[in-house]
Each structure stands twice: as C-alpha cells, then as structure tokens.
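A.B. asks: Residue-level listing of the chains:
There are 2 protein chains.
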Amino acid sequence: MKYHATLLIELKDGILDPQGRAVESVLKSLQYQAENVRVGRVLEMELEAANESEARVTAHHIGKALANPVMEVFVVEAIKELA
Amino acid sequence: MKYHATLLIELKDGILDPQGRAVESVLKSLQYQAENVRVGRVLEMELEAANESEARVTAHHIGKALANPVMEVFVVEAIKELA
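Order-wise, the sequence lines are chains A and B. Mapping to the working numbering: the first sequence position 53 is 239, numbers consecutive. Mapping to the working numbering: the second sequence position 12 is 198, numbers consecutive.
Treat each hint with caution, since some may be false.
Below, simulated SDA-like cross-link-like pairs (lysine to any residue); rule was C-alpha separation at most 25 angstroms, straight line [as the list claims (entries may be wrong)]:
| hint | chain 1 | residue 1 | chain 2 | residue 2 |
| --- | --- | --- | --- | --- |
| 1 | A | LYS214 | A | ASP203 |
| 2 | B | LYS214 | A | VAL243 |
| 3 | B | LYS214 | A | ALA235 |
| 4 | B | LYS198 | A | LEU268 |
| 5 | B | LYS214 | A | GLU240 |
| 6 | B | LYS198 | A | ILE195 |
| 7 | A | LYS198 | A | HIS246 |
| 8 | A | LYS188 | A | HIS247 |
| 9 | B | LYS188 | B | VAL261 |
| 10 | A | LYS198 | B | VAL212 |
| 11 | A | LYS188 | A | ALA251 |
| 12 | B | LYS188 | A | GLY206 |
| 13 | B | LYS188 | B | HIS247 |
| 14 | A | LYS198 | B | ARG227 |
Partner residues aside, some chain B positions facing chain A, computed with beta carbon under 8 angstroms [claimed, not checked]:
| hint | residue |
| --- | --- |
| 15 | GLU196 |
| 16 | ALA220 |
| 17 | GLU221 |
| 18 | ASN222 |
| 19 | ARG224 |
| 20 | VAL228 |
| 21 | GLU230 |
| 22 | ALA251 |
| 23 | LEU252 |
Calculated from the structure, these hints are not laboratory results. Glycine included, C-beta positions come from ideal geometry on N, C-alpha and C.
Generate coordinates for the entire structure from the input sequences, incorporating the hints supplied.
C.D. replies: So this is what it looks like as structure tokens:
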C-alpha cells in the first residue's frame, strides 16, 4: 500500500538559526510580535509499505538518514494512507 | 497569552522541486522506495495573542506575508498555548 509521510527536520534548540533571526526581523518590521522564530525543512513523500507501522518505521529511518545528528532533530509528523 | 505556531510553506503541486528530486535520488541510492519527494520550509514561532483564534489569524497573516503566492502554498499546521 502507498502512504504519504510528512517529516520535519529542525535545528536543535541550542543551535543559532540565522534564517530564523532574519525572518523574525522581517516580521517585526511588518509589526508582527513573533519571537523565537526557527526555520526548518519539511519533507513530504510517498512510501510503499505493507502497513502503517512499517511506513512509520521507514519514515523514521529516512529521517535518521537525512538529518544531521549533531545539529538537527527530526520528527515523523504524519503518516497517511493514500486511496 | 503566548502561543506556539507551526507553519508549513511548500511549493505548489505543479512546480518543479529540484531539492526534492535530489533527496529522492539519495533515498533511492539508500534503497528506500520514496516517491514524489517535496521539500518545503517549516517555521516555528511564539506569538503574543489574546486567544487561540487571534493567534491563528496572526499566523495566517504571517504565512501570507512569507509565502510566494505564485509558487508556494502555506498551512498553519498547529497553534498551541504555552504554559
């Protein structure tokens, strides 16, 4: 079966995020009171798997392969069965 | 009150995504059967708002300001009250 997986890869909390700081200053100049802005990556993909838990395990392996363990954390945000 | 907002900004469906293609070929070389990989941005931030729906409206405005309407779509993924 086919599953749609959503993964988030974000910088760890202590790591300086220049892109986030830049976005924050843009938002401040637009009068939005946004704080602690952090920018990460979202990956959407289709996976072939026998069932949802197998798809989740594959997505977990993929997150581990793509994230830099020193600076980043990843989350398997969602696994959804495709019709 | 303070709210934590998560926004996703992704390329529209028809738009070619070279970064997604690159990730897809890396995953294929690692023997993962991932298809239609799309790479977008995730923004996490803290917003000051009177209530959750006001925070959601602000996050919506911010998404509109940051996404390129020609090529990108944004989703307010989550609004969470901070303790």
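A.B. asks: Among the hints numbered above, which are violated by the structure, and what are their numbers in rising order?
C.D. replies: Every hint satisfied by this model.
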